[in-house]
Amino acid sequence: MSEARPWIINPFDEIAIEEALRIRERGEAREVVGVTIAPSAAEEQIRAALAMGLDRALRVDDRRELDPYAVARILLAVVRQEKPDLVLMGKQAVDDDANQVGQMLAGLLNWPQATFVSKIEFLNGGQRAQCTRETDRGLEVIAVNLPAVVTTDLRLNEPRYVSLPGLMKARRRPIELLTCQQLAVEVQPRTTVAATSPAPRRSAGLKVESVEDLLVRLRQHEKVL
Amino acid sequence: MDAAASLQVSTREVFGNISPWMRAAFYGMVFASLGVLAWQVAKRARLWRQGQPGGFARDWRLWARRLAVFALAQKRVHRKSLGAALHVLLFSGFVVLTIGTTLLMVADQGPVNFHRGWYYLFYELIMDVFGVALCLGCLLALHRRGFRRPVALGHQTRDWALLGLLLALGVTGFLVEALRLHYTQVETGVARWSVMGHFVNLILFPKLDLATARHLHLGFWWVHAVLVAALFVSIPVTRFLHVLTGPVNIAVRPDRPVGVLAPLRLEEVERTGRTGVAVLGDFTRQQLLSFDACMECGRCEEACPAWASGKPLSPKAVVVDLRQAMTERPAARALHGGVIGADTLWACTMCQACVQECPVLIGHVDLISDLRRHLVGEGQIAGPPAKAMASVGRQFNPYGRPATERLAWSAGLPVPTVETNPDFEYLLWVGCAAAFDPRAQKVARSLVQLLHEAQVNFAVLGREERCTGDVARRLGDEFLFQELARANVEILNGRKVKKIVTPCPHCFNTLQNEYPQFGGHYQVQHHSQMLADLVRSGRLKSAGKASAPVTLHDACYLARANSETAAPRALLQSATGTPVCEMPRHGAKTFCCGAGGGRMWFEEAPTQRVSRLRAVEATQTGAQTLATACPFCLNMMSDAMAGTPGGEQLRVLDVAEVLLEARGRTANATTRAEPAAPGTAKA
Amino acid sequence: MIQTLVILEHDGHCVKRASLSAVALARQLGGSYALGVLGSGVAEIADSVRSFGASVVLVADHPALAEPRADCYAAVIAETARQRGASTVVGTSSTFTKDILPRVAALLDAPMLSDVMAVEIKDGVPCYQRPLSAGSLCATVKLQGDVRVLTARGTAFHPPSPNGAPSPVEPIAFDAASLPNGTQFVSRERSTSTRPDLTEARVVVSGGRPLKDKETFERLIGGLADALGGAVGATRAAVDAGMAPNACQVGQTGTVVAPELYIAVGVSGAIQHLAGIQDSRVIVAINRDPDAPIFQMANYGLVGDLHALVPRLIEAVRA
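Chains as they are written, first to last, in our numbering: chain A, 5 to 229; chain B, 197 to 879; chain C, 42 to 360.
Just chain A, with the same shape it has in the complex (with noise of 0.2 Å):
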């Protein structure tokens, strides 16, 4: 039995790409780049990025489980190298939720930071960029001056959808090898996963009997309340 399609980028990130795609569209950005730091097996993934309207691919070799402040070391070389105007990238990972790497990134390189942004604009001809940020406490609007990094919210934008063509014409085009070698940089991870195991079970479909009896399932053994 073939498996399911392995192509999936990260929804976050898509929405990043897509973002990206649209700033080109609408004459803003020159030419948009996509980076990934995975082992070769990723290359469906980012042909699918690819497929999606990237002008370029990058790719750096790694096999490593790398935790975030490792992630952003390597982008801080490729971003050194590419010198892009504007980092854009999704606001978590769907492996580990870490929510991090892009504020890292934005510390190491010393560049404003928009994060969980819904919404951009560029002002003063594509010197500062207008972000509005969804947050605990409502939306916030910030301006930061370019270069800067962005993370993008779920409400950005609704990514385009990749379709088998699209994936095909994607496959001749080439994606750029990089080795944390090239680029200069060694990191090693600082974290270490001792164990694993399933997170408690939800448990189905249980019927109570009265609202005490669901405030206590509630407090004491879902610990929600």
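Don't read these hints as lab results, they were simulated from the structure.
Beta carbons: idealized from backbone N, C-alpha and C, even for Gly.
Accuracy of the hints is not assured; some may be wrong.
Claimed, not checked - Subject to a maximum C-alpha distance of 30 Å in a straight line, what follows is the list of computed BS3-like cross-link-like pairs (lysine-lysine): (1) B:K785 x B:K695; (2) A:K227 x C:K183; (3) A:K87 x A:K123; (4) A:K211 x C:K163; (5) B:K785 x B:K271; (6) C:K57 x A:K227; (7) C:K57 x C:K183; (8) C:K253 x A:K211; (9) A:K87 x A:K211; (10) B:K276 x B:K785; (11) C:K163 x C:K183; (12) B:K741 x B:K694; (13) A:K211 x C:K255; (14) C:K57 x A:K123; (15) B:K737 x B:K695; (16) A:K227 x A:K211.
As the list claims (entries may be wrong) - Quick partial rundown of chain C residues pointing at chain B, CB under 10 Å, derived from the structure: (17) G165; (18) V166; (19) C168; (20) A217; (21) R250; (22) D254; (23) R277; (24) G310; (25) A311; (26) Q337.
For chain A, the structure is supplied; the task is to place chains B and C on it using the hints.
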């Protein structure tokens, strides 16, 4: 004069009043106008040739059959309406008169003048009767256009001109005949056969002297002749073109059943770099020809549920706009955005009502599908429908549920799988809706209980079952569909499946009619068909206890695309003991619930919901239960009822659930369903 | 010298109660801890946190810090941590800490763990527990290095009650002129409601068609949401009927939410709605119909008349 002698003189002189040079001029004019007609048609044909070669049906027997049914018998035109009546009159009148006039010319030019005796008398009678028919048809058409003014018909100046022209032809024809009868002094016994002409003669020209009659005759004759030439010349530039292009399209349109879309070939796409239709030249020649077959009757628009619910899609406008583009623009000019908007394309539910109504067999759904394929190929789709297709690609179902949860619906019920029951006779293809949509899961559960009771030897694929890909194909990702189709065919053939039963008409349609395109040939039944058979044969006893009255919402892909309207009715009748209380739009003329064509995944404003319109129709029947035969219809109608006045009283149930209820059972008769997969919650 | 620096969040008037959960984490880590308050005109706020057992309450009070601009705040926090020799910087997980603390980690060349749910010290080495894979796995993690940054999941650590001797308050020394100036604050749209945003809320209470009208919807659903400090959601049917604004619509074509607790009141559970809530940690359904599809997805179901049950629930929560 006695009868025999009278018969001897029953003939008429052809071109009696017309001098030889006038006769020559006449023929010259007629042939010139025919020449203009031919030239104009050739110009149109050049436009059609811009399309991709092919798309034509090649079997002349098929052509003959179709022409007989749709062009002569005009099966699609018949309806209880003024439009249908007047078309019968116009069509028959025009055809008979044309044949008659041609016969006359043949009799005149040919070796034998057969235009005499009984033949002549009956000829005169028939011509007059159909001449009246033509005039009457014109008058009714003018009335309809002037007073009734149906919106879908559309009104242009040239329409009035055309009708006027036809009426004038009819009227002048009778005047000419009356005057001929007068000046040739035909004796009454014979003249009476030319019913109308004789009548006109008596009323209008009783005291006319012969010389004046001859002059008038000549005058009107020329008017009539010029009108004929004018008619020929006007054919290509008015609705009248359909008399030529209509039968052609009827004959040569592709021979594919309604509800089946044509596959794309990957090699084709790789070679041309093109998916679907982006510019006019991407359509097939037959499709371009079909635009010219349209006479803008508007029946497709009247039947369209998207149009009825206020969306920017009118099948007629699609065809007319494409025809306009074909006339104005070069074949390479882009269609999307300018000629046809994306909103128009996405509004279609692919219910095929338009295709079913079209008297000249235009395939509107194929046009929309071809255009959608291009949009999807370019990635120009986003939001919930894109996510649904992405889920189909990753998790093999459009609901985004993990593939491992395929059997979660069956918790507590003994459901044999192809593993546990390898000697199954029927494969129960559950479908994604019944597997993952909690409302539809009850349908699956009901069906399984009934199958067990009837001791049907069945099994489900379980985790091996994937989406049939219908949603991908309808939305326009043909290759995602093909990937799934090929994989499913491999799995089904690997399990030696021969017979399939499924509760979903979309799966039914795809498995039965579209999978053969990929090497999958199965005998597929919809669950209502199997259940009706089981009840009929006595293997399932129906207690007739379900509450009546019940009304049935026919599923588009069952009733219209696959002509199955009897089985659900038989089932409901046996379950309730009374016949189904029908909605006005029922059977093959059912009104879509709005979920087809991938629309299940589109957000709709409440005022634009197709299902609301249908819900109103259902509440007006006074029934207590609305039965459906499709999990999408079930979902849409349940939702719509909640928002419709009087709808809360109406229960919405699948036919299987109604049958089960008739036996005093419910879907959740056994233990409550538990999620089969490990919790997906965040810890 | 302090072990841990706890960054507190406030709204300009008072401290956010949830941010005090990080204090509980700091206590579990052991050693002394300081509380950090940044902003402009925050003397009173600093005062209000003096009785949480900190060695010191550190305050950076300057107009340049009036709004939480990540580059400035991170610079100040990192500098403070260095000055005080803190080996750990913590905060409670929120958009504020998620924005700023990773940048702090980068400035301190420190690894960071977010959403820590528990910590155990084994042989003097802290082992942190955090969720992985959208919550389906729980990982036990160790960190290397001298300095680390953590955010704590608010629901996993109970905020301490104020007691004990008041901590001293000290200003943080920093050079305002050398703060980064690449970010300008433009505006904040403080939602007229005090309720949290639907996608960020920990608790979401949704109502369906049976709530009948706008007033009842606000009274019951709004009331329960407020009692739980949660956000208000609605089904498409409720939005169509005008009971709730469009922005509240939860579902496949509305907003997709994944809160800790999702309470569905009078919601039948059409698949389009369920698609928008399936990743919620705990789902509770209150419905009159025991066969409603929502019960198949809910962890807990309460069958009955919502008009009677919801007011009782509101009361019981408040008690």
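Comparing the hints with the structure gives:
{"no.": "1", "hint": "B:K785 x B:K695", "result": "holds, 29 Å"}
{"no.": "2", "hint": "A:K227 x C:K183", "result": "holds, 25 Å"}
{"no.": "3", "hint": "A:K87 x A:K123", "result": "holds, 23 Å"}
{"no.": "4", "hint": "A:K211 x C:K163", "result": "violated, 40 Å"}
{"no.": "5", "hint": "B:K785 x B:K271", "result": "holds, 15 Å"}
{"no.": "6", "hint": "C:K57 x A:K227", "result": "holds, 20 Å"}
{"no.": "7", "hint": "C:K57 x C:K183", "result": "holds, 29 Å"}
{"no.": "8", "hint": "C:K253 x A:K211", "result": "holds, 25 Å"}
{"no.": "9", "hint": "A:K87 x A:K211", "result": "violated, 58 Å"}
{"no.": "10", "hint": "B:K276 x B:K785", "result": "holds, 14 Å"}
{"no.": "11", "hint": "C:K163 x C:K183", "result": "holds, 10 Å"}
{"no.": "12", "hint": "B:K741 x B:K694", "result": "violated, 35 Å"}
{"no.": "13", "hint": "A:K211 x C:K255", "result": "holds, 29 Å"}
{"no.": "14", "hint": "C:K57 x A:K123", "result": "holds, 27 Å"}
{"no.": "15", "hint": "B:K737 x B:K695", "result": "holds, 23 Å"}
{"no.": "16", "hint": "A:K227 x A:K211", "result": "holds, 18 Å"}
{"no.": "17", "hint": "G165", "result": "violated, 26 Å"}
{"no.": "18", "hint": "V166", "result": "violated, 23 Å"}
{"no.": "19", "hint": "C168", "result": "violated, 16 Å"}
{"no.": "20", "hint": "A217", "result": "violated, 40 Å"}
{"no.": "21", "hint": "R250", "result": "holds, 6 Å"}
{"no.": "22", "hint": "D254", "result": "violated, 14 Å"}
{"no.": "23", "hint": "R277", "result": "holds, 8 Å"}
{"no.": "24", "hint": "G310", "result": "holds, 6 Å"}
{"no.": "25", "hint": "A311", "result": "holds, 6 Å"}
{"no.": "26", "hint": "Q337", "result": "holds, 5 Å"}
Consistency note: the structure conflicts with the earlier hints numbered 4, 9, 12, 17, 18, 19, 20 and 22.
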